[in-house]
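> First to last, the protein sequences are chains A and C.
Residue numbering for the first sequence follows our numbering, beginning at 0 and increasing consecutively.
Residue numbering for the second sequence follows our numbering, beginning at 198 and increasing consecutively.
Any given hint could be a false lead.
[What the hints assert, rightly or not] Once the Cα atoms are required to be at most 30 Å apart in a straight line, the calculated DSS-like pairs of lysine-lysine come out as: (1) K318/C with K344/C; (2) K147/A with K436/C; (3) K213/A with K318/C; (4) K213/A with K344/C; (5) K210/C with K213/A; (6) K213/A with K225/C.
It is worth saying that the hints were derived from the structure and are not from the lab.
In case you want the letters, here they are:
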Amino acid sequence: MEVCRLPLSATQRGKLISAGYTSLSSLSSASASDLARDLKISDGEALEILNVASRSSRSDNAEGSHAIINGGVPGIGKTQLGIQLAVNVQIPPHCGGLGGRAIYIDTEGSFMVERALQVAEACIEDMSEYSRFLRKDLQTFQVGLQSKDILENIYYFRVCSYTEQIALVNYLDKFITEHRDVKIVIIDSITFHFRQDFDDLALRTRVLSGMALKLMKVAKNFSLAVVLLNQVTTKHTEGSFQLGLALGDSWSHSCTNRVILYWNGNERCAYIDKSPSLRSASAPYSVTSRGIRNSTSNYKRVKMM
Amino acid sequence: MANKLISEIGLPKSIANIFAARNINTAKEALSLTEFELMELLDVGMADVTSAVAHISAVVSPPYQTALFLMEQRLQNEQFAGHLPTRLKGLDDVLFGGIPFGVLTELVGPAGIGKTQFCLKISLLASLPASYGGLDGHVIYIDVESKFSSRRIIEIGATSFPEIFHKKGMAQEMAGRILVLRPTSLSEFTESLQQIKVLLLQQEVKLLVIDSMAALISGEYDQGAPRQHSLGWHISFVKSLAEFSRIPVVVTNQVRSQSRDEICQHSFQAHKNVETQEGTEKYDSHVVAALGIHWAHSVTIRLVLEAKSGLDDIINFDGKKMK
């Protein structure tokens, strides 16, 4: 029973179960006043229980000891996704988020500050909207976060060579120890600096694997998500051209999860290519002025690759 | 930072000597080896290697800035918060003010659509004084196909900004700020890049235009690996020029036709397409941007110019968000 896993007191859990709330989904659709009435507890306590429940279901999805690699063609939205994640990780726990900070490692110079601001503002609006919807019964809800704060919580590193990249990955351990509220590390993009300048290919593979291991350790030790954005290249296999992740097979083994962003006709889709716990599946999404959102309208894809 | 000398990093004397004895003199050399390899090469224990590497890494790592600090810096120090307004309202809105500084902006479209005209206009805009929405600076225009026309620039100027251009000597001064280079081969282009770097360091240049990148490459090599590699260096160099000097860089690219078997997909897509082949809505055009996927990854903003039947040219904005 999911409710048993929640970090609540035994009394609270007992009351939940006898009132019929055994699963997380039953809690997510309950309002604080319903819960208070059913459990015969105060409104404040009910609200606390709901918060714990929503936090726990969120963190199950977002927490890593996993590194996630997102690969895609130019223009598909990798950097957009990176920026969205850097903002989303900051959603406070009382809105169902992790309330953490983000490290954004930019190897290509593609991070656009104004875009981050735009996404941050949209996120705050959405949060207020969502909270107002959920907590209709309680007094109006303050999100407590401003877009400027969101920008301040993104630690931006610009890496200009593979040496700096290796150095920074090594340094992450110390940095995150001093900044414990970091909950996500985004690297955009992981292989850019390794695609040229490296003469010894076998050495390159070894160095990349070493870097991957360090990142996995960081993800595990600090319980955060590591998201690696990667480019695609064209490969000539089986008589035709196919798209594959840059630095291909040697790198691909090193990460736990892999999501491929691709064009399906006119629509952007995300495909889970590799995961220890989830089945392969695709989901459409779109890049809007508010950030990454579920795909809704008939968007016309720009025709050139 | 990559070339920082081990001797200057401040490692304990003993380990620094061992590095030197094994001819590892820069941070780059030290970090290019795995810790295991270093252990074997230096013949020291893992703990010593780990702490040496941690020390080197901490020194060589780039510093961080918060995104907020970045934004405030640009608002304070740069014109238009780091943008060159194009005066095309819809475009400027979507681009947060104009062509961004510090990154590559690509202009793609078929022949005759107006890429060179756009380049001429933007060059003029950059040379205008700040009070007229310009950057008050010099422009370097790399004109590969000899399409640049000074007369046309003055014509655009006189029509769009009559108040400036009819003042005595102003037309000459504005036009005089645009330096046109005409490399006839890739190697000449490479040389001129070095020249450009020097000019940028003198901080007079506020815009770099390359018209067109594709024309530089075509005719140099046949299809294949050598072309990719040489282009890779130029791309990196131009990108770093842009970023280092915080100027906008506009590059034009051509289109080429794409044969059906060239259409690239991921391996997992192949299965799905077999069924939907007949009913699939094909794109109207079988054209793709030239210069390939590596180039496409390197540009930050791609502006696609296309002609809609019956209407004026519409600029589609790819790479950031959709309209």
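> If a hint holds in the structure, say so; if it does not, say that too.
Consistency of the hints with the structure:
no.: 1; hint: K318/C with K344/C; verdict: holds (13 Å)
no.: 2; hint: K147/A with K436/C; verdict: holds (29 Å)
no.: 3; hint: K213/A with K318/C; verdict: violated (49 Å)
no.: 4; hint: K213/A with K344/C; verdict: violated (52 Å)
no.: 5; hint: K210/C with K213/A; verdict: holds (27 Å)
no.: 6; hint: K213/A with K225/C; verdict: holds (18 Å)
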